[in-house]
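Protein chains: 2
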Amino acid sequence: MRIILIGLGNVGKNFVKLLLNRQKDLMDNFGLSPRIVAVVDSKGASRNPRGLDFNGILKIKEEMGSVGKDPLFGEENIIALDIIREVEAEVVIEASSTELVTGEPAMSHIENSIKMGKHVISTNKGPLALALPALIELAEYNQVMLRFSGTVGGGTPILDFGRKCLTTEKIVSLKGILNGTTNYILSKMDFEGTSFEEALKFAQNLGYAEAEPSTDIDGIDTACKLVILANWVLKRRVTLKDVKITGIRQITRKDLREANNKKGTIKLIGSISENIKVEPLTVLRSDPMCVNGTLNAVTFSSLTSGDQTIIGRGAGGMETASSILRDLINIRNNISGRERF
Amino acid sequence: MRIILIGLGNVGKNFVKLLLNRQKDLMDNFGLSPRIVAVVDSKGASRNPRGLDFNGILKIKEEMGSVGKDPLFGEENIIALDIIREVEAEVVIEASSTELVTGEPAMSHIENSIKMGKHVISTNKGPLALALPALIELAEYNQVMLRFSGTVGGGTPILDFGRKCLTTEKIVSLKGILNGTTNYILSKMDFEGTSFEEALKFAQNLGYAEAEPSTDIDGIDTACKLVILANWVLKRRVTLKDVKITGIRQITRKDLREANNKKGTIKLIGSISENIKVEPLTVLRSDPMCVNGTLNAVTFSSLTSGDQTIIGRGAGGMETASSILRDLINIRNNISGRERF
Chain A
1 MRIILIGLGN VGKNFVKLLL NRQKDLMDNF GLSPRIVAVV DSKGASRNPR
51 GLDFNGILKI KEEMGSVGKD PLFGEENIIA LDIIREVEAE VVIEASSTEL
101 VTGEPAMSHI ENSIKMGKHV ISTNKGPLAL ALPALIELAE YNQVMLRFSG
151 TVGGGTPILD FGRKCLTTEK IVSLKGILNG TTNYILSKMD FEGTSFEEAL
201 KFAQNLGYAE AEPSTDIDGI DTACKLVILA NWVLKRRVTL KDVKITGIRQ
251 ITRKDLREAN NKKGTIKLIG SISENIKVEP LTVLRSDPMC VNGTLNAVTF
301 SSLTSGDQTI IGRGAGGMET ASSILRDLIN IRNNISGRER F
Chain B
342 MRIILIGLGN VGKNFVKLLL NRQKDLMDNF GLSPRIVAVV DSKGASRNPR
392 GLDFNGILKI KEEMGSVGKD PLFGEENIIA LDIIREVEAE VVIEASSTEL
442 VTGEPAMSHI ENSIKMGKHV ISTNKGPLAL ALPALIELAE YNQVMLRFSG
492 TVGGGTPILD FGRKCLTTEK IVSLKGILNG TTNYILSKMD FEGTSFEEAL
542 KFAQNLGYAE AEPSTDIDGI DTACKLVILA NWVLKRRVTL KDVKITGIRQ
592 ITRKDLREAN NKKGTIKLIG SISENIKVEP LTVLRSDPMC VNGTLNAVTF
642 SSLTSGDQTI IGRGAGGMET ASSILRDLIN IRNNISGRER F
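As given, the protein sequences belong to chains A and B, one line each in that order.
Under my numbering, the first sequence is numbered contiguously, ending at residue 341.
Under my numbering, the second sequence is numbered contiguously, ending at residue 682.
Calculated directly from the structure, the hints in this document are not laboratory data.
Be a bit skeptical, because a hint or two may be false.
Calculated cross-link-like contacts (lysine-lysine; reagent style BS3-like; alpha-carbon spacing at most 30 Å) [claimed, not checked]:
| hint | chain 1 | residue 1 | chain 2 | residue 2 |
| --- | --- | --- | --- | --- |
| 1 | A | 262 | B | 511 |
| 2 | B | 604 | A | 254 |
| 3 | B | 542 | A | 263 |
| 4 | A | 254 | B | 603 |
| 5 | A | 235 | B | 358 |
| 6 | A | 263 | B | 604 |
| 7 | A | 43 | A | 69 |
| 8 | B | 542 | A | 59 |
| 9 | B | 595 | A | 263 |
| 10 | A | 263 | B | 603 |
| 11 | A | 262 | B | 595 |
| 12 | A | 43 | A | 17 |
| 13 | A | 201 | B | 595 |
| 14 | A | 24 | B | 576 |
| 15 | A | 170 | B | 456 |
| 16 | A | 170 | B | 358 |
| 17 | B | 603 | A | 262 |
| 18 | B | 542 | B | 456 |
Working from the sequences, and respecting the hints, build out all of it.
So, in structure tokens, the structure goes:
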């Protein structure tokens, strides 16, 4: 299976490492022999129709800063769109960083890949949050698969759970903690009585929050994940503008003390029922969804089998990389009509 | 799809109700048109190759005590094995009550169905706990599917989650609370300071525990579920005799107080790592698996995506019935080679 990998940040690098470590296992247990025929970072690209050496990719990136500097296969200043147009491959992995105004350049990467008949795996939430209904339609029209397991829950298969395990259920609603950064901040405020500003600073020092933390703390990241869940699991064709969003900037120690008095605590909850909303809410401590630290949790409510909650780490380079592998094997199995169990 | 339904207790009756309520939905959304061509209870059977009326089955069972008394299609004193041999059908649903010494008569129902080329859905843990490796082999040899979603977690798709969502992960271990009755008893002792005997009596009065509660409180039910998880998710060919079992009869209020002092509580934990064990253990309250009441929870630990916990109601007639429907649609999709997503 020939792969074009776009983006060599934390997720991209871990994906290459994963292929390196599991080469034999993937062949033996899944009959999968992945070849990276091109890899693109922000400064250039490297390509080889026979497949680039996994170790070589990692080494050149680390030592020279860009795969474009690969003396044998590298090209500096070439952009991903050219690679997508010129290189033959079955799958394009879009793992570049998220942008939420236009979704670019990832939006064009995904659209062009689909139009060229290439399957797409995206760990980039931007284009999906802004235009998932259109992208799903485009993929269906071009008869390719678009997968994005890693965008919700990182390595925790929340999307797969909703779609594969609850397939015969009538899911009436869902709600959850979908952002680890805000969960860390609120947990810290709750357990240690710190203020919002102090907790945010802690999160930034630990690398959980960005220097510009707005996407997380203003609830936008959670909203993006709700859009993806709504489209994928509930088949509701919505985008980011359909979500009513309130973040956690206004939460005070007093709010948390009051929640505490009611045997609860405050969490940033994303929910889909009649409306799609992100807002800080008091959650009872006895609720299985009430997890702390950077954990994520989603509760699906279905008509006949009640509430079902799935909990796991919601981010992490290796975790998200493992979700790409899951999507890759899913695509391969669908292509080959292989029974999956 | 022609179905033989064996057992018309809580699960069997709810399954018929589910078909009744979702007839149109199943046809529209899944292309599934299930017909019950025979139904068997402990006193007789009723059969009609054109499909029995769902309402009629429920009415006759309620009003006359046995479907064998159906004036048009009933036969008294006929046993399930005869029906399995004589009636043409694609799927046999084994929903009779569990017996854990020989697994009979369900064991023979399953074996004979498989040998006759009929797919089997079992909500009965007995035969599976005693002989799952042999039954899986028999099903493979006869090229039929054997499914049993409802045996672990009731309506919560724990088996599906492990097998479908974590398919590309290397699961290194799992542990969980797999029995709602013991979880209720231990939660009651923990929250209200009642003794084991008192809490057991409460559970019996509420119908959570049997008059003869040994299967639950001595950990045997949990052990059966571990056997099924080990075979299905981890492909370890084990049976009930391979599980080391300790129940909760010896747990005292003092034990719970001590656990409390360590910010934990005591739960009956089933675990699979190198060994397969059931034993009461102190679990930290901050552990996502630490759920109360009759809830079930399982944590899968995988190599690259960390710990993932799934939580839901572990029993209930309608919940387990919905798991039969899940298996039925899975079998139909596998037969027709339909893409599942």
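Evaluated hints:
Taking the CA atoms of residue 262(A) and residue 511(B), the gap is about 41 Å. The hint is violated against a cut of 30 Å. Restraint check: the Cα-Cα separation between residue 604(B) and residue 254(A) comes to about 25 Å, which is no more than 30 Å; the hinted pair holds. Between residue 542(B) and residue 263(A) the alpha-carbon distance is near 28 Å, which keeps this suggested pair within the 30 Å criterion. Our distance criterion of 30 Å between C-alpha atoms is met by residue 254(A) and residue 603(B), whose separation comes to about 28 Å.
Distance restraint check for residue 235(A) and residue 358(B): the Cα-Cα separation of roughly 27 Å lies within the 30 Å cut-off, and the hinted pair is therefore satisfied. Of the supplied pair hints, the one linking residue 263(A) and residue 604(B) holds, its CA atoms being roughly 16 Å apart against a limit of 30 Å. Distance hint between residue 43(A) and residue 69(A) is fulfilled; the C-alpha atoms sit about 9 Å from each other, no more than 30 Å. Under the criterion of a C-alpha separation no larger than 30 Å, the hint pairing residue 542(B) with residue 59(A) is inconsistent with the structure, at around 66 Å.
The hinted pair formed by residue 595(B) and residue 263(A) meets the criterion: a straight-line CA distance of about 25 Å does not exceed 30 Å. Note on residue 263(A) and residue 603(B): the hinted pairing holds, with a Cα-Cα distance of about 20 Å set against a maximum of 30 Å. Annotation: proposed proximity of residue 262(A) to residue 595(B) holds, straight-line Cα distance about 28 Å (limit 30 Å). For the hint pairing residue 43(A) with residue 17(A), the CA-to-CA distance comes to about 21 Å; that is within 30 Å, so the pair holds.
Proposed proximity of residue 201(A) and residue 595(B) is contradicted: the alpha carbons are some 42 Å apart, above 30 Å. With a CA separation close to 19 Å, the supplied pair residue 24(A) and residue 576(B) stays within the 30 Å bound. Proposed proximity of residue 170(A) and residue 456(B) is contradicted: the alpha carbons are some 35 Å apart, above 30 Å. A threshold of 30 Å between alpha carbons decides the hint, and for residue 170(A) with residue 358(B) the separation of about 16 Å falls inside it, so the pair holds.
Our distance criterion of 30 Å between C-alpha atoms is met by residue 603(B) and residue 262(A), whose separation comes to about 24 Å. Annotation: proposed proximity of residue 542(B) to residue 456(B) is violated, straight-line Cα distance about 44 Å (limit 30 Å).
The earlier numbered hints that this structure contradicts are 1, 8, 13, 15, 18.
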